[in-house]
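A.B. asks: As given, the protein sequences belong to chains A and B, one line each in that order.
1 is the number of the first residue of the first sequence in this note's numbering; add one for each residue after it.
1 is the number of the first residue of the second sequence in this note's numbering; add one for each residue after it.
Keep in mind that the hints are not guaranteed to be accurate.
[What the hints assert, rightly or not] Computed list of lysine-lysine pairs in DSBU-like fashion (alpha-carbon distance at most 35 angstroms, straight line):
no., chain 1, residue 1, chain 2, residue 2
1, B, 148, A, 60
2, B, 39, B, 28
3, B, 179, B, 97
4, B, 179, B, 107
5, A, 32, B, 64
6, A, 32, B, 107
7, B, 28, A, 326
8, B, 40, A, 32
9, B, 28, A, 64
10, B, 180, B, 107
11, A, 326, B, 13
12, A, 41, B, 50
13, B, 64, B, 160
14, A, 32, B, 148
15, B, 180, B, 160
16, B, 107, B, 50
17, B, 39, A, 60
18, A, 60, B, 40
19, B, 28, A, 41
Rather than coming from a laboratory, the hints here were simulated on the basis of the structure.
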Amino acid sequence: MIAFVIYKAIMCAAVFLICLGAAAYATLWERKFAAFLQDRKGPSRAGWGGLLQPLADGVKMFMKEEIIPNVSNRALFILGPSLFMITAVVTSAVVPWAKPVNIGGHIYDMQITDINIGVIYLLGVASIGVYGIMIGGWASNNKFALLGAVRASSQMISYEIPMGIALIALIISSGGSLSLKEIVEEQDLHYANIVCQPLGFLIFFICALAETNRAPFDLPECETELVGGYHTEYSSMKLGLFLFAEYINMFISSAVIATLYFGGYNFPFAHELYAKLGLADGSVWISLIGFGALMTKIFGFICLFMWIRWTLPRFRYDQLMNLGWKTLLPLSLFNLLLTVAIEYFRGNIHF
Amino acid sequence: MQLTNRKVVVSNKEQSFAERLYLPAIAKGMIITASHLFKKPPTINYPEVKRPIAPVYRGQHVLKRDENGAERCTSCGMCAVACPAEAITMTSGERKKGEEHLYREEKYAATYEIDMLRCIFCGLCEEACPKEAIFLTDRLVDAQFERKDFIYGKDKLVEKIDARIDVTKRQTQAVLDFKKVKGLKHNELFDANKLNKGHKH
């Protein structure tokens with residue numbers, strides 16, 4: 001029992017640190033990547049090649065003057081960024097990071113918890129995330145912040161529907177399990193889900209962009225129209241939490257996309273590689289290689305997120321809603337229908 | 001009535017399916033941005049790498065000393081008169097006995113100030129100077145936090161005896177010949193013989 005608690009505590013700490021570290025360096029990589037796309041060099045002064053920049057940014061955020069507006073609702077004003085940050089981090093609980101490790105006869109999952117409704121948990125926590133923005137923007141008692149908050153919540157609601165339907169199609173075609181671990185193991189046995197769900201992947205990816213408030217869906221913080229959007233009144237580390245949580249969200253979204261559609265910690269010819277290296281099932285090395293593969297995929301998706309951000313201009317709000325309700329929703333329903341039809345004729349589902 | 005022949009019929013053609021899909025256009029845009037990933041940025045890492053500058057670059061001024069280490073400036077005020085930005089002010093002092101090693105002639109500049117925020121670095125002070133005392137150099141004026149720090153006094157302008165500043169690139173024969181032209185207003189007070197005693201070219 002004590003061993004179990006210690007193992008879970010270590011897992012939680014490790015995943016938490018990985019999320020924070022990855023998000024911190026995603027902020028640096030975002031700036032670097034933007035610079036490379038724009039023929040610049042990006043931050044290069046703090047540390048070797050700018051590697052200490054996230055640290056400097058953090059110190060800056062903490063040292064700045066903190067202002068809580070008199071007209072705001074103080075408790076909710078503080079709750080907003082906290083909630084946003086918490087939900088961003090909590091999402092990582094169901095992501096399987098690597099193959100289970102066998103240490104001294106005990107099998108340890110490289111996942112904080114494998115709940116059998118993992119996908120629904122993901123959707124649920126992701127939609128709680130908007131409460132952070134909503135509460136923060138509303139409690140600010142500022143019209144721009146409120147507009148940003150309203151935009152964020154209506155955008156999230158609009159894009160969660162096609163996302164959910166895309167996920168239903170995915171679950172139908174990948175064996176019917178809602179557990180992320182089983183979805184990944186299923187892809188290990190057969191092939192990555194992207195092969196039979198390309199349209200679903202596209203829908204899910206677009207919705208993930210919208211859910212994380214990344215460009216071209218960053219209307220809640222649209223500075224040309226709303227000053228700073230939902231975080232207009234925020235300063236110091238509270239603002240930092242909002243900005244930082246966006247990067248955590250991006251990291252987790254990438255992890256979830258990689259897990260659901262690209263086989264998570266599996267990669268093509270993994271078993272051949274392991275056999276050639278002479279690694280038995282449950283070896284630490286298999287876990288590490290798998291973790292590396294997952295991280296590579298996550299890095300790729302983070303780059304894709306950034307690449308899109310620094311290429312596409314922001315949507316107009318009616319375009320955003322049109323895309324969500326008139327394009328993605330019918331498209332995801334069509335994808336669902338198509339998936340059900342294919343699976344029915346393959347004999348995988350019966351009525 | 002037709003006023004001009006520049007009338008254009010607005011083309012409002014239906015978008016094709018590919019155009020309405022936007023994905024090809026997005027892919028095209030993303031390829032353009034990605035192509036910039038492999039371009040070398042034109043950035044110059046300033047303090048470490050410096051852009052090459054012309055040998056006659058006009059930067060921060062220097063008040064020269066002669067070969068014995070005495071200040072050349074005699075506080076004649078020619079530079080202040082020539083200055084179009086009115087950046088130069090000075091007060092004169094009289095050399096006392098025993099100060100011959102400090103000041104070259106009987107009159108010298110007790111204070112000499114250049115307001116670097118007013119200065120336009122045109123180099124007219126250098127051109128006007130009959131004593132070859134003031135030169136613009138290839139040094140850049142440093143950034144300061146306050147305006148008053150941009151008023152450079154003699155402490156910053158006069159070259160240090162042990163750290164002479166090389167202005168030979170500016171003091172070419174052509175420049176010296178130009179200064180000898182009596183026809184030019186600002187050379188009227190100029191004594192070529194006196195100069196040649198000090199400088200052998």
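A.B. asks: So, for every hint listed, does it hold in this structure?
C.D. replies: Cross-check of the supplied hints:
1. B:148 with A:60: This hinted pair holds, its Cα atoms lying about 29 angstroms apart.
2. B:39 with B:28: holds, 18 angstroms
3. B:179 with B:97: The given pair, whose Cα atoms are some 32 angstroms apart, holds under the 35 angstroms limit.
4. B:179 with B:107: holds, 22 angstroms
5. A:32 with B:64: Distance ~47 angstroms between residue 32 of chain A and residue 64 of chain B Cα, so the pair is violated.
6. A:32 with B:107: With Cα atoms ~59 angstroms apart, residue 32 of chain A and residue 107 of chain B exceed 35 angstroms; violated.
7. B:28 with A:326: Between residue 28 of chain B and residue 326 of chain A the Cα gap is close to 24 angstroms, so the pair holds against 35 angstroms.
8. B:40 with A:32: Since the Cα atoms of residue 40 of chain B and residue 32 of chain A sit roughly 14 angstroms apart, the hinted pair holds (cutoff 35 angstroms).
9. B:28 with A:64: It is violated: about 42 angstroms lies between the C-alpha atoms, which goes past 35 angstroms.
10. B:180 with B:107: holds, 23 angstroms
11. A:326 with B:13: Holds: residue 326 of chain A and residue 13 of chain B sit about 22 angstroms apart, inside 35 angstroms.
12. A:41 with B:50: holds, 16 angstroms
13. B:64 with B:160: holds, 9 angstroms
14. A:32 with B:148: violated, 38 angstroms
15. B:180 with B:160: Judged against 35 angstroms, a Cα distance of about 29 angstroms means the pair holds.
16. B:107 with B:50: Violated: residue 107 of chain B and residue 50 of chain B sit about 40 angstroms apart, past 35 angstroms.
17. B:39 with A:60: holds, 32 angstroms
18. A:60 with B:40: holds, 31 angstroms
19. B:28 with A:41: Status holds; Cα separation ~24 angstroms.
Hint violations for this structure: numbers 5, 6, 9, 14, 16, all remaining hints satisfied.
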